[in-house]
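Residue numbers (UniProt numbering), protein chains in the order written: chain X, 1 to 406; chain C, 1 to 406; chain U, 1 to 406; chain L, 1 to 406.
No wet-lab data here; the hints were simulated from the structure.
Errors might be hidden in some of the hints.
[Unchecked claim] With a Cα cut of at most 27 Å, we get these calculated BS3-like pairs of lysine-lysine:
#, chain 1, residue 1, chain 2, residue 2
1, C, Lys337, X, Lys337
2, X, Lys274, C, Lys274
3, C, Lys337, L, Lys337
4, L, Lys231, C, Lys274
It should be emphasised that the depicted structure is a prediction, and the values quoted were computed from it without experimental measurement.
Protein chains: 4
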Amino acid sequence: MSDGREQPADDADRTGVWLVGARGNVATMSIVGARAIARGLTGTTGMVTEREPVSSLDLPPVDGLVFGGHDIAPESLVAQAERQRDRNGVPDAETLAAVRGDLAEIDDRIEVGTAVNCGAAVSEDSERLDERLAVRDVVDQIRDDYETFRERHDLERLVVVNVASTEPELAEPDRYDTRDALERAIDEDDRDLPASVLYTYAAIDGGHPFVNFTPSTGNTLGGIRELAAAKDVPHMGRDAKTGETLVKSALAPMFAGRNLQVMSWEGHNILGNKDGLVLEDEANAAGKLSSKGDVLDSILPDIGHNRVRIDYTPSLADWKTAWDYIHFEGFLDTEMKMQFTWEGSDSALAAPLVLDLVRLVAHADERGNGGLQPQLASFFKAPIGVDEHDFSRQLDRLYDYAEQHR
Amino acid sequence: MSDGREQPADDADRTGVWLVGARGNVATMSIVGARAIARGLTGTTGMVTEREPVSSLDLPPVDGLVFGGHDIAPESLVAQAERQRDRNGVPDAETLAAVRGDLAEIDDRIEVGTAVNCGAAVSEDSERLDERLAVRDVVDQIRDDYETFRERHDLERLVVVNVASTEPELAEPDRYDTRDALERAIDEDDRDLPASVLYTYAAIDGGHPFVNFTPSTGNTLGGIRELAAAKDVPHMGRDAKTGETLVKSALAPMFAGRNLQVMSWEGHNILGNKDGLVLEDEANAAGKLSSKGDVLDSILPDIGHNRVRIDYTPSLADWKTAWDYIHFEGFLDTEMKMQFTWEGSDSALAAPLVLDLVRLVAHADERGNGGLQPQLASFFKAPIGVDEHDFSRQLDRLYDYAEQHR
Amino acid sequence: MSDGREQPADDADRTGVWLVGARGNVATMSIVGARAIARGLTGTTGMVTEREPVSSLDLPPVDGLVFGGHDIAPESLVAQAERQRDRNGVPDAETLAAVRGDLAEIDDRIEVGTAVNCGAAVSEDSERLDERLAVRDVVDQIRDDYETFRERHDLERLVVVNVASTEPELAEPDRYDTRDALERAIDEDDRDLPASVLYTYAAIDGGHPFVNFTPSTGNTLGGIRELAAAKDVPHMGRDAKTGETLVKSALAPMFAGRNLQVMSWEGHNILGNKDGLVLEDEANAAGKLSSKGDVLDSILPDIGHNRVRIDYTPSLADWKTAWDYIHFEGFLDTEMKMQFTWEGSDSALAAPLVLDLVRLVAHADERGNGGLQPQLASFFKAPIGVDEHDFSRQLDRLYDYAEQHR
Amino acid sequence: MSDGREQPADDADRTGVWLVGARGNVATMSIVGARAIARGLTGTTGMVTEREPVSSLDLPPVDGLVFGGHDIAPESLVAQAERQRDRNGVPDAETLAAVRGDLAEIDDRIEVGTAVNCGAAVSEDSERLDERLAVRDVVDQIRDDYETFRERHDLERLVVVNVASTEPELAEPDRYDTRDALERAIDEDDRDLPASVLYTYAAIDGGHPFVNFTPSTGNTLGGIRELAAAKDVPHMGRDAKTGETLVKSALAPMFAGRNLQVMSWEGHNILGNKDGLVLEDEANAAGKLSSKGDVLDSILPDIGHNRVRIDYTPSLADWKTAWDYIHFEGFLDTEMKMQFTWEGSDSALAAPLVLDLVRLVAHADERGNGGLQPQLASFFKAPIGVDEHDFSRQLDRLYDYAEQHR
Ligand SMILES: NC(=O)c1ccc[n+]([C@@H]2O[C@H](COP(=O)([O-])OP(=O)(O)OC[C@H]3O[C@@H](n4cnc5c(N)ncnc54)[C@H](O)[C@@H]3O)[C@@H](O)[C@H]2O)c1
Ligand SMILES: NC(=O)c1ccc[n+]([C@@H]2O[C@H](COP(=O)([O-])OP(=O)(O)OC[C@H]3O[C@@H](n4cnc5c(N)ncnc54)[C@H](O)[C@@H]3O)[C@@H](O)[C@H]2O)c1
Ligand SMILES: NC(=O)c1ccc[n+]([C@@H]2O[C@H](COP(=O)([O-])OP(=O)(O)OC[C@H]3O[C@@H](n4cnc5c(N)ncnc54)[C@H](O)[C@@H]3O)[C@@H](O)[C@H]2O)c1
Ligand SMILES: NC(=O)c1ccc[n+]([C@@H]2O[C@H](COP(=O)([O-])OP(=O)(O)OC[C@H]3O[C@@H](n4cnc5c(N)ncnc54)[C@H](O)[C@@H]3O)[C@@H](O)[C@H]2O)c1
Ligand code: NA
Ligand code: NA
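Please build the complete structure, drawing on both the sequences and the hints.
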């Protein structure tokens with residue numbers, strides 16, 4: 001690694017990582033982090049896979065991850081990283097300088113994506129596939145991008161991760177409940193299918209493990225799940241659990257366990273990044289709010305009132321602050337309160353989980369475990385196919401998996 | 001129950017509860033709560049034993065609990081309850097009016113206790129056993145009080161619970177590490193033994209299940225533990241986990257599980273009740289602070305800085321507010337923060353746990369399970385003989401016990 | 001006052017207080033408080049007129065206030081006070097019991113009001129003047145109610161205070177910019193005029209000092225102000241400053257004074273009373289949000305971002321909690337933060353100000369000072385005719401007034 | 001200023017600034033800030049003298065300030081600034097790089113100071129004047145340092161500012177209540193006199209305007225004040241008001257003005273810089289805690305309970321977080337609460353005030369206004385000779401001064 005070029009330690013250890021939304025905050029921070037770790041500039045704090053017992057698994061090394069992706073933003077990865085440095089202070093100037101070459105190289109591997117049905121996420125100046133293309137052609141194009149990348153870099157395995165902007169919720173998703181229905185819709189050029197579904201379909205159909213880091217529809221459709229089961233491709237989602245919801249999933253079980261009656265749980269999130277701007281749009285926020293809200297309803301079925309707000313506060317840049325107010329009743333009808341604030345750099349919380357998830361679905365794929373990956377539930381606000389929302393119990397499932405495969 | 005007299009539903013279901021510190025905040029609230037539940041005036045919110053899966057156990061009914069105890073305070077139980085009503089609003093006027101007769105009756109069963117080596121907890125006007133009495137005589141007197149109560153009320157089982165003021169820490173507790181050493185000390189009139197040890201010894205030696213709700217020495221001594229094992233008497237402690245420490249034990253595992261590096265965790269407690277006043281005295285606070293501090297050190301072995309403060313703020317009465325500030329580092333060395341405040345009525349949080357613990361050690365006793373009760377770890381800040389401080393995992397032990405015995 | 005009947009100390013000191021919205025939270029708490037003070041059951045904490053230098057003014061005594069009013073709610077004042085006691089703990093049981101007779105007597109003096117153009121504030125079961133009545137007839141009816149009350153109780157002076165639910169904002173208020181235009185509209189049966197304007201017009205035209213405690217249109221109209229000036233009737237408003245906005249008006253000047261650049265000031269209010277429910281309706285909230293927002297814009301003209309949210313959280317009852325997050329920049333572009341939470345009983349904060357305002361406009365009236373009362377600016381979120389929002393400076397105006405008239 | 005050398009705009013505008021504690025956090029940030037402003041790299045946010053109405057005064061320009069000082073720390077100004085950049089992120093890398101040459105030049109002008117009676121502030125490796133020197137000789141040496149600097153840089157005026165570590169409180173300061181007593185003590189080699197007094201005496205006696213930015217004794221002595229009055233030298237102090245106390249002085253008047261009864265005001269400060277470490281030492285903290293506490297006692301004479309804690313939390317570096325909990329009572333004995341947290345970079349808050357104060361005492365000196373400067377009260381926690389602690393009123397005095405002299 002002497003010459004500043006991104007290069008994995010060993011050919012056998014090279015795993016491709018295809019990021020849909022590759023120039024976004026989360027993607028950029030993931031790439032910067034992976035390269036900074038590879039270059040020995042930073043530690044692995046924040047990565048679940050670098051801590052016992054998960055670290056005992058035989059996982060693809062971080063310095064062997066080879067990045068590519070889709071995006072619709074005209075700005076380069078380097079420019080995006082510089083903006084994060086200037087606005088958030090993360091990454092710091094030194095780290096960015098050291099990985100700038102890597103970023104430039106990776107930026108060349110970012111292809112133009114599709115933005116059908118992406119709502120407010122799509123700005124005027126975005127570069128995207130022609131909206132008039134037939135759905136099937138779009139899918140073929142995406143698939144082609146995956147394959148070209150895999151071949152060019154001679155990768156044995158390619159993991160696709162959706163870290164693109166949150167899409168508006170899809171109306172009546174049940175119509176795509178079977179593989180058959182979904183594939184028919186693609187063939188019949190159904191104009192309702194959103195971009196996230198096309199990226200996901202192309203990944204699963206091509207045999208690439210897939211992670212849905214966002215609240216977008218993607219792999220939640222019955223048709224996708226059936227396809228993944230049939231083709232034995234591991235996938236998991238949705239909506240990574242990084243901040244307020246993470247805290248909720250750790251705290252709510254305490255109220256439940258002590259039989260305390262939560263009367264109201266108010267959550268108010270303010271954040272200043274592009275994700276915040278997109279979520280300020282009501283249509284795009286719907287999925288997010290519902291995945292955030294479900295956690296409490298599941299852990300505290302008797303909760304009286306449960307609201308989540310997300311507001312855009314430009315000066316905060318990538319910093320997200322949540323204020324939660326919990327009004328509860330205890331013994332002898334005594335009313336009590338807990339409040340918390342959480343102040344985190346949103347993408348610095350998310351990025352290590354992207355790397356964790358890539359490594360863990362690659363591990364499942366290597367061992368031939370296809371379909372949904374419930375042992376990854378702790379990473380998501382709305383883990384597909386898993387009812388358990390208690391963070392501690394979700395983690396125990398991951399630890400059991402680690403014990404079984406060590 | 002038509003005539004306002006305290007009376008259990010059924011003779012077979014009568015379990016004695018002997019409270020050491022029977023006129024304190026926690027004791028009063030426990031008695032008021034139990035009687036209010038018995039009279040159908042309030043629900044059982046806050047009681048772990050009233051929620052699945054623990055509620056499936058065959059536990060002594062709340063309305064069958066018969067209360068008595070020791071104290072050194074001259075003020076009656078009724079007067080104490082009235083002060084709590086006036087200062088804290090808990091219990092409310094209506095509830096207190098309805099149980100006032102029960103309290104008066106129970107107050108007659110409170111005997112004068114010993115206060116040797118109790119430090120700042122002992123005020124001028126307290127009524128207590130003569131300090132010049134020989135230790136053995138004090139033990140005999142206490143034992144006698146237990147038996148008289150049991151016989152008079154024709155109780156099959158008597159559970160002793162220490163809810164007295166926190167004592168100063170005992171120097172060199174190792175000298176009482178065996179039953180032999182402890183009994184020799186009692187016989188040889190060792191003037192260092194504190195009251196909590198005498199109450200505990202008398203309970204265990206008399207075959208009465210015992211709960212140490214306080215940070216005081218009591219059943220932590222090796223000698224007591226050996227005795228309890230030999231006599232097969234169930235006991236557990238110490239220092240009930242009701243507020244800030246409870247939250248810590250639910251939250252700290254989240255930081256650990258996500259491999260986030262906690263650099264500093266500052267905890268500042270302010271409270272206005274007598275417990276707060278006693279803990280303002282440094283000697284008496286030592287045990288409390290250490291049991292509070294251990295939780296974090298255990299769950300987060302790499303923690304950088306961990307401090308707990310307890311301050312006395314008279315206007316708060318029984319309300320305790322904790323402010324915790326958590327400074328942690330994540331991916332790419334990003335510094336982030338979480339803060340919380342917790343505002344609870346201290347004794348309203350503690351009281352339901354007193355009832356839970358009475359019921360659960362009675363259950364163990366009924367089934368012949370003597371010695372320490374690790375399944376009760378979730379109730380304590382410093383669970384004797386248990387290393388696990390993660391609240392969720394501690395609860396799982398209780399749930400496993402419930403499954404096994406349902 | 002031996003027999004539980006409401007009766008002023010001395011005939012000369014009797015001042016009538018006509019509350020529009022007389023069975024609401026604020027009105028009820030004002031009446032309960034005034035009567036509790038009159039009966040020596042509570043102190044005058046929270047009343048600005050009971051503290052130097054304002055207390056040196058020759059003001060009507062609290063025990064000489066005689067209450068009456070309009071409302072459209074079917075529930076009695078006693079029932080309303082009982083609900084406040086049960087839900088909020090304020091007033092306490094003892095106080096309410098002692099003034100219950102007074103409340104019942106006052107309730108008989110509450111007349112049915114008009115609810116034209118009151119939007120969401122008007123529920124199905126409300127009792128109100130027939131909406132088909134001509135505007136002029138409604139005004140006459142209201143005026144008649146004022147006079148009848150004044151005569152029946154032989155009052156020298158009657159102060160009218162609007163404490164009714166917030167109305168939706170009036171569109172194009174400029175059309176009523178002159179007395180002439182307003183009176184023509186009344187005569188021509190203009191169906192756009194909202195209830196608050198009718199109550200206010202009737203008061204001012206009848207020569208009764210008037211206070212607009214709410215954000216509703218009332219005395220903000222140019223036409224009303226011209227009339228009050230012409231008739232020399234004192235009046236002031238609008239929207240009493242009791243909680244979050246009060247804090248803002250004390251804190252924002254600190255940032256300004258130190259030349260710190262506020263980039264974002266987020267305010268999030270949650271409350272559970274009927275006012276909260278009404279404000280949850282967007283139309284009714286508009287006026288409130290704008291008067292709350294103006295304070296910051298005025299004190300911090302360079303503020304970057306300024307948002308206020310009001311959410312309805314039923315379990316809080318009359319308790320309002322505000323969380324404010326202030327993101328500011330200092331020397332060397334250093335970003336810093338201040339946050340606060342404010343937890344107050346909304347009507348307990350408002351009620352003493354109602355009494356203060358009644359006494360102070362009565363004082364102005366007695367001295368022949370008609371028109372707007374800028375010395376009362378500190379009481380309002382949007383003081384009519386006053387640009388100063390700095391709480392400390394607003395108070396200085398009141399103190400100057402007190403010095404001049406002592 | 002093309003060549004990176006520190007150079008004032010114009011000879012006539014050159015004002016000397018002698019910082020006692022010139023390598024400390026506050027001093028470093030003041031120097032960095034002044035030079036960054038001079039070089040056009042940053043704005044003047046945070047400077048009171050750069051905002052109307054104070055900015056209308058004819059003040060010495062920031063780019064004309066020429067820095068020198070005393071310290072006992074072996075580490076250079078550049079090293080200190082680098083540590084601040086690395087630990088706090090302030091100053092940022094770019095700014096520091098641009099002023100590094102200036103810092104190096106200024107560092108050469110820092111002389112070794114005295115550290116008599118400085119307690120815990122003096123570490124092993126500090127370089128300081130021999131403690132065996134006679135007091136009079138120390139004073140002469142200091143005076144000489146001032147003069148040499150003034151002459152070498154051809155400065156018309158030199159302002160001395162104490163920004164050294166907080167000293168332990170002086171016992172029985174009354175013995176130095178007159179100029180006579182003080183000068184006798186110096187001549188008679190009184191070993192109790194602390195360093196701050198010697199620096200101050202030398203300044204005032206030499207005719208140099210003086211600012212006591214710290215809680216140390218310095219110019220609070222009667223003897224010093226008499227001397228300054230006699231010699232007509234302007235001086236002011238003590239203990240700059242930058243964080244929690246500033247907020248208190250803005251908020252407490254609100255509670256007073258609304259006649260709300262503050263029952264408890266708890267303040268808990270955590271900070272990680274050297275000032276925090278020194279204040280962790282009880283002797284050194286005494287003065288600080290008392291000047292912080294006085295503000296509330298003065299504004300809220302009826303306050304029930306008022307405590308301030310300062311704790312050292314290393315990971316926070318120069319960031320200070322205060323949590324304040326205010327428990328107050330309002331109308332009808334209703335208990336309510338306000339809480340705030342304040343998170344600021346301690347020295348970034350202090351530094352602009354150092355520049356403000358230098359400019360403002362220079363202004364007074366220029367106009368021949370000697371002695372205490374009450375118009376500067378708003379800058380201090382314990383303004384000498386001023387009883388007013390209400391921030392808004394203190395500011396009004398400054399604004400009046402500005403109006404008078406514009
Ligand atoms: N902590 C977190 O940051 C976090 C946690 C959970 C989920 N998420 C989700 O991760 C996603 C990314 O968040 P972010 O902060 O990086 O957002 P971002 O706005 O910074 O980045 C999104 C990127 O996706 C690109 N994009 C948008 N539509 C696209 C499309 N159709 N095809 C290809 N690229 C497209 C955008 O151009 C942008 O570069 C969001 O959906 C967010 O909700 C983030
Ligand atoms: N949430 C909680 O309230 C909580 C949580 C954990 C532990 N605890 C512990 O429970 C204990 C009781 O707390 P509290 O708030 O009821 O305190 P309290 O001061 O109100 O009551 C203590 C009672 O013990 C009595 N007492 C003191 N020394 C005694 C002795 N030697 N023998 C008999 N009686 C004695 C006192 O007279 C008093 O009535 C304390 O040790 C406290 O630390 C309380
Ligand atoms: N701290 C505070 O409580 C506070 C502060 C500032 C302003 N205010 C304002 O004071 C007003 C009253 O607040 P509240 O909490 O008492 O509300 P509330 O809903 O409890 O009471 C309002 C009362 O007005 C009555 N009403 C509604 N429309 C009416 C009409 N057209 N004529 C006569 N009566 C009518 C309702 O029936 C109800 O009894 C609101 O406008 C509120 O915004 C309150
Ligand atoms: N917001 C603030 O930072 C703030 C506010 C008010 C007051 N203050 C006061 O300002 C002072 C400086 O704060 P800081 O954060 O810069 O502290 P610091 O510890 O960073 O700096 C103090 C400097 O003084 C030097 N020093 C100590 N004793 C000395 C002596 N006898 N002679 C000469 N130099 C000596 C030290 O070597 C050090 O370089 C403290 O007294 C502090 O209480 C600071
Ligand atoms: Na209650
Ligand atoms: Na910055």
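Hints versus structure:
At roughly 20 Å between alpha-carbon atoms, Lys337 of chain C and Lys337 of chain X fall within 27 Å of each other, so this suggested pair holds. Of the supplied pair hints, the one linking Lys274 of chain X and Lys274 of chain C is violated, its CA atoms being roughly 52 Å apart against a limit of 27 Å. This hinted pair checks out: Lys337 of chain C and Lys337 of chain L have alpha carbons roughly 23 Å apart, not beyond 27 Å. As the CA atoms of Lys231 of chain L and Lys274 of chain C are separated by approximately 57 Å, the hinted pair breaks the 27 Å bound.
Going down the numbered hints, you'll see the structure goes against 2 and 4, while the others check out.
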